[in-house]
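Protein sequences appear in the order of chains D and F.
Our numbering numbers the first residue of the first sequence as 26 and each following residue consecutively.
Our numbering numbers the first residue of the second sequence as 49 and each following residue consecutively.
It should be emphasised that the hints constitute simulated quantities derived from the structure, not laboratory data.
Even glycine gets a Cβ: it sits at the ideal position worked out from N, Cα and C.
Some hints here could point you the wrong way.
Incomplete in silico selection of chain F near chain D, CB under 7 angstroms [unchecked claim]:
1. M59
2. F93
3. K147
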Amino acid sequence: MALRGSSQVEPGRVPAGVLAVLVHIIFFAFMIFGLNWKTYPPEVMMVDLWSNLPQPEQPITKATPPPPAPAPVQPPPEVKPLPPEPQTPPPPPKPDIALKEKIEKPKPVEKKPSEKELKELKEKELKAQKEKEQKEKKEKEQKEQELKAQKEKELKEQQARIAAEVEQLQREQEANNRRQAQAAAQSRLGNEIAEYKAKILAKIKGHIIMPPDLPGNPVAEFDVTLLPGGDILDVKLRRSSGFAAFDSAVERAIFLAKPLPLPPDPALFPKFRNLSLKVHYRE
Amino acid sequence: MSATVTQDMSMFHLIGSASLPVQLVMALLLVTSFLSWWFIFRKLFVIRQAMRQSDEFENVFWKGPDLNALYQSAASSRHTAGSMERIFEAGFREFIKHKRQPGMDISTVMDGTRRAMRATYQREMDSLESHLSFLATVGSVSPYVGLFGTVWGIMNSFRGLSNVTQATIAHVAPGIAEALIATAMGLFAAIPAVIAYNRYANNIDRLATRFESFMEELSNVLQRQATG
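Hey, can you work out the whole structure from these sequences and the hints?
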């Protein structure tokens with residue numbers, strides 16, 4: 026019976042143990058490397074809500090008007106020297122057409138006198154002088170008239186040009202106004218941010234129980250991370266005031282002050298997400 | 049309040065920060081899982097060997113060699129012989145013993161032989177089936193043990209939540225994650241154990257049928273020899 030009871034030697038006890046260990050090692054390796062155990066802070070979605078869409082496009086429309094503006098500005102320098110202008114406005118645009126007229130007119134003035142002189146020399150030398158003078162007078166008058174007409178024309182053109190320019194100026198001004206309005210809005214936002222930062226600081230200050238009798242005016246600087254509701258996610262002491270009592274008093278006050286006042290406009294929240302606060306011991 | 053947004057979620061950190069009962073459950077499950085895998089591999093080897101040896105012995109037996117010679121070789125290699133060979137050896141020894149005594153009725157001889165074979169058969173089945181119940185237990189219980197660890201861990205993490213005015217999922221998530229590791233370990237121990245148990249039980253059943261039919265056939269052969 027004893028012999029039979031011993032039966033046979035069980036095979037593979039040790040290999041089985043080794044295999045079992047191996048299975049567990051593989052399992053844990055899979056758990057460690059197969060799964061991504063690290064969590065990354067969720068990328069904060071920044072959504073800007075625009076109440077009026079065109080804002081980003083405005084710069085483009087503003088940019089387009091300028092191109093026409095430079096063109097009229099160039100002509101004036103060429104024109105200025107020619108006509109004696111009663112008006113001072115600096116941009117009196119005189120395109121090339123005006124120039125040509127000017128050049129053509131002087132020519133007839135030279136030609137006519139020369140013809141007359143030739144005739145007078147041939148036919149009447151002395152008598153003709155009077156006629157000549159008369160004619161000259163007439164011509165002068167004519168010339169003057171022509172000049173006047175021309176001047177009037179030029180004036181009209183100038184006026185039209187000026188009007189156009191004024192229009193353009195107005196347009197530019199409008200653009201400027203818009204820009205200014207934008208800047209004003211921004212500064213208003215800035216004001217709001219500053220206002221709420223002051224409010225936050227005031228609320229925190231209301232909760233500080235100041236440790237008595239600290240020398241000087243120590244400043245504690247804190248980095249505060251906020252949640253959209255005004256709740257406090259994290260407070261870090263960035264620069265100690267040198268007095269632990271004051272630092273901890275301020276830190277406690279920051280937590281007591283929650284929820285911190287935030288502007289109602291959620292678009293402004295990103296400015297408040299990471300606040301850096303400076304708290305002075307004395308004002 | 050120094051809770052940073054990024055939590056260290058490495059598994060070892062989670063296990064290390066778990067509460068003591070959860071850690072105990074995890075340790076228990078780890079040991080159980082190791083033991084069950086150990087038995088799984090041991091049984092695998094044992095059953096494979098038993099099947100291979102039975103095949104070999106049946107091959108030799110049905111080639112019709114001298115039964116006395118077969119018995120001699122089986123008796124000499126008792127410690128390396130397979131189950132079937134040992135059943136044959138026990139039966140044949142009993143048969144020879146009875147045959148030597150004069151005046152024995154043939155039915156008495158056959159009864160004794162059959163009893164001897166059955167005793168060996170039962171011993172062999174017992175050794176084949178050993179530890180199978182452990183696998184069955186692991187398969188059915190370890191999920192509950194893991195679940196217990198998980199429930200405990202989740203209870204703890206929710207209790208911690210009661211002190212927080214603004215409850216966020218970030219407060220409970222690490223606790224639940226670490227608690228769920230216990231369930232994972234329980235399942236990891238249970239699933240292979242159940243599979244192995246079912247497979248081995250089936251294999252052993254088939255071996256048992258083979259042994260039984262062999263016993264019947266052998267007793268026929270021996271009876272023919274006794275009368276013939």
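Verification of the hints:
With a least beta-carbon distance of about 6 angstroms to chain D, the hint placing M59 (chain F) at the interface is held under the 7 angstroms criterion. For F93 (chain F), the interface hint holds, the least distance from its beta-carbon to any beta-carbon of chain D being 4 angstroms, beneath 7 angstroms. Taking 7 angstroms as the C-beta cut-off, the interface hint given for K147 (chain F) is violated, the closest approach to chain D being about 21 angstroms.
Of the numbered hints stated above, the single one contradicted by the structure is hint 3.
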